[in-house]
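Participant: Single-letter residue listing:
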Amino acid sequence: MKSLVSPAGALRAGIFFAILIAIPLVGGPSWLLNMLIFTVMYAALSSSWNIVGGYAGYPSLGHAAFFGIGAYAVGITFSKSVGAGYSPFWSLPVIGLAVALIAVPVGWISMRTRQDVFAIVTITILFIAQTLAFNLNGLTGGAQGTSVAAPPFPAGTYDWPFYFAMVVILAVTMLISHLISNSKFGLALLTVRADEDKAQGIGVRVTGVKVSAFALSAGMVAMVGGIWAYYVGFIYPQFAVDPLITIGIVLMTFLGGKGTLWGPVLGAFILVPAQEYFAQAFGASELYLLAYALVFIVIMLFLPRGIIPSIAMARHRRWQRLAGEAGSTVPAAGGTSTDAMDPTATMTEGTR
Amino acid sequence: MHALIQAIILGILTGGVYALMASGQTMIFGIMKVVNLAQGALIMLGAYLTYSLFTGFGIDPFVSLLITTPLLFLLGVGLQWALLRPLHGDDVAQLSLLVTFAIALGVEGVLSFVYGATLTNIQPGYANDSWTMFGFQISVVRFWAFMISIVLLLALGALLKRTKFGRSVRATVQNPTSAELLGVNARRVSAIGFGLGSATAAAGGAVFGMLNSFNPGSHYDLISKLLTVVILGGLGSIGGAIYAAVIMGVISSVVAAVASPIWSDFAFFIVLLLVLLVRPQGLFGAKTRGAL
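Protein chains in written order, with our numbering: chain A, 1 to 352; chain B, 353 to 644.
Simulated from the structure, these hints should not be mistaken for laboratory data.
Hints may be right or wrong, so weigh each one.
Output of the computed footprint for chain A on chain B, the stretches with three or more beta carbons under 8 Å from beta carbons of chain A [unchecked claim]: (1) 400-407; (2) 453-460; (3) 571-579.
Predicted model, so just to flag it, every value in this text is computed and none were measured.
Built from N, CA and C at the ideal position, the CB exists for glycine as well.
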C-alpha cells in the first residue's frame with residue numbers, strides 16, 4: 001500500500017509550518033504579524049474553498065455567507081465575556097460542525113444546478129445572509145453591528161493567539177485537502193468535476209459526494225470566520241458577509257492553481273500582501289479597487305490555469321521533449337493530448 | 353385591498369424597468385455563455401453619466417438616452433474585445449465570470465474616484481409628480497420609465513426577430529458551431545451582443561437614477577436582483593426574464609406594502625430558491641440550448 005505522505009511532501013509542509021510558527025517567536029514589526037494573520041486566513045479560506053470549487057468543480061461564490069455565520073456565532077456568543085480569552089477558540093469546532101450541518105440543505109438545493117447557474121445561486125445565498133445580518137436586529141445588531149468582548153491578552157504578544165489559531169486551521173485544512181486528494185472520496189469528486197452524468201452512470205454517488213464536500217468546506221470557512229470576528233472585535237454585516245471576500249478567495253485559488261494542495265496557499269501569499277500594498281499606496285482614493293481589478297484581469301488573461309499547474313505542465317512538456325529526443329520516435333506532446341490529461345496532471349502535482 | 357392594488361401597479365411598473373436591465377444580461381449569456389457580473393456597475397455608470405449630463409448641461413434624463421446608450425454600446429464592444437475575447441483554457445465560463453466581476457470593481461473604483469461615495473439622485477422637475485387614476489397614484493417618472501422600457505424591449509425583440517444580425521444572434525444561441533459553419537461571424541455577434549447588453553444598462557441606469565438614490569457601491573444591490581431575475585426566468589431566455597422581472601417586481605412591492613420594505617428584497621431570494629427547488633432550470637429555461 002502506498003504511503004499517504006511522501007517524504008518530500010512531508011518535508012515541504014514541515015518547513016512551511018516551521019517558518020510560519022517561527023516568525024512571531026523571532027520577532028518583527030507588528031504590521032508584519034497583522035498582515036500574516038490575514039494572509040494565513042485567506043490561505044485557509046482558499047484551501048477550504050478549493051475542496052468544493054477546485055476538486056469538485058463547483059465554483060461557489062457564496063462562501064462569504066458561511067464566513068459571516070461563523071463570525072456572528074462568535075460575536076453573539078462572546079459579546080459579554082470571553083473568560084480567560086481562549087474559550088472562543090475552543091468553541092470553533094462546534095461552530096464548524098453546526099455550520100456544516102446548515103450547509104447540507106443549502107448545498108443540496110444549490111447543487112441541483114451546475115456551473116454558471118450554481119455560481120449565481122450561491123451568490124444569492126451570500127446576499128440572503130447579508131440581508132438577514134442587516135435586518136435581524138435583535139440577534140445581529142443590524143447595521144450598528146455587534147462586538148466581541150476584549151480578550152485579556154498581554155499587549156506584547158496580543159496577536160499571537162489569533163495568529164497561531166489561523167495557522168492551526170490552515171494546517172487542518174491542508175491536511176484534509178491532502179487526505180481527500182488521496183482517497184476514494186477525492187477520486188469521486190474528480191469524476192464529478194470531469195463529467196457528472198457519466199460519474200453517476202458508473203455508480204458514483206454524486207449528490208452525496210458533492211454535498212459532503214460543500215458542507216465540509218463551509219464548516220472550515222465558518223471556523224476561520226469565527227477567529228476573524230474575535231480578532232477584529234467589531235462585526236458589521238457589510239464586512240462579515242462581503243462579496244469581496246468570496247472573490248478574493250476564488251481569485252487566490254485560481255492564481256495558485258485550483259485542484260492542487262499548495263495552489264490556494266501560494267495564491268494567498270502572493271495576493272494578500274499585494275492587496276495590502278495597494279490599500280497603502282492608494283488608500284485615500286478609491287483607486288485601489290481599480291488597481292485590484294487590473295491585477296485580477298492580468299491573472300485571468302495570462303495565467304488562466306494558475307501557477308502550479310502551469311509549472312507542472314511546462315515540466316511535463318520538457319520531460320516529454322527530452323524523451324522524444326532520446327528515443328526520436330516519440331513525438332513531442334501536442335496541445336490536444338496535454339489538454340486531455342490535464343485533470344490527472346494537476347491532481348498528481350497536488351498530491352505530491 | 354386598495355393598498356394591495358396600488359402595490360401591484362407599482363410592482364408592474366418597477367418590474368418593467370428590471371425587465372429591460374435583465375434582458376441585456378440574459379442576452380449576453382445566451383450568446384456567449386458569459387454571466388455578466390458587470391451589468392450592475394454598467395447601470396451605475398449609465399446613471400452617473402445621465403446625472404452629469406443633467407446637472408452639467410441641463411439635458412433631460414430621458415433625452416440623454418440618445419447620448420448614453422451609444423456610448424455604453426461602444427464601451428461594451430470595447431470591453432468584450434479587450435477582456436473577454438482573449439480568454440482561453442478549459443474554464444472559460446468561470447474565468448469570464450471573474451473577469452466581469454473585475455470590470456465591475458474597476459467601474460466602481462473609477463466612479464468612486466470621480467463622484468465620491470455620497471448618495472445622490474437625478475431630480476428633474478417632474479420627479480415627484482404623479483397622476484391619480486381611479487384613486488390610484490401613478491408616478492410620472494415610473495410611468496415613462498416603464499413605457500421607455502417597453503419600447504426598448506420591443507425594439508430589441510424586432511432586432512432579434514427581423515434583421516439579419518438578429519438571425520445570426522439566434523443561430524449562435526442555438527448552436528455556435530453550426531452557426532459559424534453557416535458563415536455567422538461569431539466574434540462580431542459576441543461583440544455587438546455585449547454592446548447591446550451594455551446599451552440596455554445605459555437606459556436602465558437613467559431610469560434607476562431617477563427612481564432611487566445611488567452611490568458607486570449600489571451595483572451589488574442591483575446585480576443581486578438582476579441575477580435572481582435572470583435565473584428565475586431561465587438563463588438566456590429574454591421572454592423568461594421579462595416575466596420573471598414583473599413577477600419579482602410585484603412580489604417585492606406587495607411584500608413591502610403588507611409586511612415591511614426591509615423584507616421586500618428578501619422575498620426575491622426566497623422565491624428564487626423555492627423555484628429552483630422544483631425547477632433547477634428556472635421558470636422558462638430550456639434544458640437544452642436555444643431559448644432566446
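Participant: Confirm or reject each hint.
Facilitator: Evaluation of the provided hints:
Judged by the Cβ-Cβ criterion of 8 Å, the region 400-407 of chain B is not covered by chain A as claimed, because only 0 of its residues qualify and three are needed. Here's how the region 453-460 of chain B fares: 6 of its residues keep a CB closer than 8 Å to some CB of chain A, so the rule of at least three is met and the hint holds. Requiring three or more residues with a Cβ within less than 8 Å of a Cβ of chain A, the coverage given for the region 571-579 of chain B holds, as 3 such residues are present.
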